[in-house]
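Novice: Given next are the chains, with one letter for each unit.
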Amino acid sequence: MTAPKIKPDEALFQFLLRLGDNTLILGHRVSEWCGHGPVLEEDIALANTALDLIGQTQLWLGLAGEVEGKGRTADSLAYLRDTHEFRNLLMAERPNGDFGQTLMRQFLYDAWSSLMLTRLSQSSNPRIAEIAAKALKEVTYHLERSADLCIRLADGTEESHTRMQAALDDLWPYTGEMFIGDAADETLAADGIAPNPADLHDDWRAIVNRLATEGTLSIPDTPFAHQGGKSGRHTEHLGFILAQMQWLQRTNPGAIW
Amino acid sequence: MTTTLPSVEQVWDWLDAVPDPEIPAISLVDLGIIRDVAWQGDALTVTVTPTYSGCPATSIINLDIQTALRDHGVEKIKLKRRLSPPWTTDWLSQKGRVALEKYGIAPPQPAGGPQRCPHCNSTALSRVSQFGSTPCKAQWRCDDCLEPFDYFKCI
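Residue numbers (my numbering), protein chains in the order written: chain A, 1 to 257; chain B, 1001 to 1155.
To be clear, the hints were calculated from the coordinates, so they are not data collected in a lab.
Since the structure is predicted, the reported quantities are computational estimates derived from the model, not experimental observations.
Misleading hints may appear alongside valid ones.
[To be verified] DEER-style ranges, computed between Cβ atoms: (1) Q246/A / T1067/B: 45 to 51 Å; (2) E10/A / T1045/B: 44 to 50 Å; (3) D182/A / D1090/B: 37 to 43 Å; (4) R1116/B / S160/A: 42 to 48 Å; (5) N1121/B / R233/A: 56 to 62 Å; (6) W1012/B / F224/A: 41 to 47 Å; (7) D182/A / T1045/B: 37 to 43 Å; (8) K70/A / T1045/B: 26 to 32 Å; (9) R1070/B / E159/A: 57 to 63 Å; (10) E10/A / V1098/B: 51 to 57 Å; (11) G254/A / S1059/B: 14 to 20 Å; (12) G228/A / C1145/B: 33 to 39 Å; (13) V1098/B / G254/A: 42 to 48 Å; (14) T73/A / K1095/B: 35 to 41 Å.
Think of the CB as a built atom: it goes at the ideal place given N, C-alpha and C, for glycine as much as any other residue.
Make the full structure from the sequences, and use the hints.
Specialist: What follows is the structure, given as structure tokens:
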């Protein structure tokens, strides 16, 4: 397979959108729990996690706007693009489901994100390296929490175990997309800016295997991977997220307070 | 009117009087987020690093810095954001750590948890949640006096 050529600047812009859209959409999803958490402490923890993700979004999309050079800011990229212009993984836009599903999605993402950010903190692009080093500290803390809670719930009661296994089964086909590269990924890997997505798989799988062992879960045996998010082909869920997230800027363009 | 510019040390002292908006017991300098103060001609550049990337206090902190310096007569102020090296709780001042504990917030420890209860000094402690009332804190409880308290997360 020969991937189509892509200009380095365009590859970088696309990559930064992917990073920023992952944190934006996942952050929005997690923030939906605010005021609905099962207990106050978890409610606060989820809101704080969402806050970190939105903060990282500002850095990634801010840099994306600079790289693009058309005067777009983190805000205009977040609020004024339509679904086909978003580049997040499909997993990020999955509905929250129950608390277990939200935590499982967070764990699967945190594990990947911690590996991606570790590699990006060594990026040949110093702007990317400094944002990654900053975000990695936060994500390391998120992973500690999501892994711990997923194991406790998976190895908990019969009910919680059943729910965590169902969550893993449901989300598993959405994990493959994290490791499938395209022309933009190849261009950046060649320049030492970002890792080849496939290179992260074995370490990620090792983290997930630990969860499965300690939490007595079985990992689904299916290679099927939903994909499309990285190139703008999304599930129906993203439109509803954007409708809620963007309506204020769409109905009152430029509104500030 | 020609006046001599205040010294950099003077500016640091002024900034050390600006409280953190969310934890007013300590100053912005105690928190370790002021990374540099320098004059460039008659313009003062203050370099600030965020604690957490999503910390909602960041814009208030920038505003508080500007207000404080303007109150001291500095007219040209430039705020620079620096991400690298990322902020760490190692940058909390000794004075700040003492003030935190007195205020009821256990200061960060390399071991990853509070050393003692800020109310009764007991070391019998339980973690309630990895997150607390602000991104930089976690919730703990003392098993002796039973008081809940905030712990300043170590990052």
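Novice: Hints first: check each against the structure and report whether it holds.
Specialist: Now the hints, each set against the structure:
1. A beta carbon spacing of about 33 Å between Q246/A and T1067/B contradicts the range 45 to 51 Å that was offered as a hint.
2. For E10/A paired with T1045/B, a C-beta distance near 34 Å fails the hint of 44 to 50 Å.
3. Here the CB-CB span from D182/A to D1090/B is close to 40 Å, well matched to the stated 37 to 43 Å.
4. At about 34 Å, the beta-carbon gap between R1116/B and S160/A misses the expected band of 42 to 48 Å.
5. The supplied range of 56 to 62 Å is met by N1121/B and R233/A, whose beta-carbon atoms lie about 59 Å from each other.
6. Between W1012/B and F224/A the beta carbons are some 59 Å apart, a value that contradicts the proposed interval 41 to 47 Å.
7. Between D182/A and T1045/B the beta carbon distance is about 42 Å. The supplied range of 37 to 43 Å therefore holds.
8. For the hinted restraint 26 to 32 Å between K70/A and T1045/B, the CB-CB distance of approximately 28 Å keeps it satisfied.
9. Look at R1070/B against E159/A: about 59 Å separates their beta carbons, and that is inside 57 to 63 Å.
10. E10/A and V1098/B have their C-beta atoms about 53 Å apart, which keeps the hinted 51 to 57 Å range intact.
11. About 18 Å separates the C-beta atoms of G254/A and S1059/B, a value consistent with the hinted range of 14 to 20 Å.
12. At about 55 Å, the beta-carbon gap between G228/A and C1145/B misses the expected band of 33 to 39 Å.
13. Between V1098/B and G254/A the beta carbons are some 47 Å apart, a value that agrees with the proposed interval 42 to 48 Å.
14. At about 38 Å, the beta-carbon gap between T73/A and K1095/B stays in the expected band of 35 to 41 Å.
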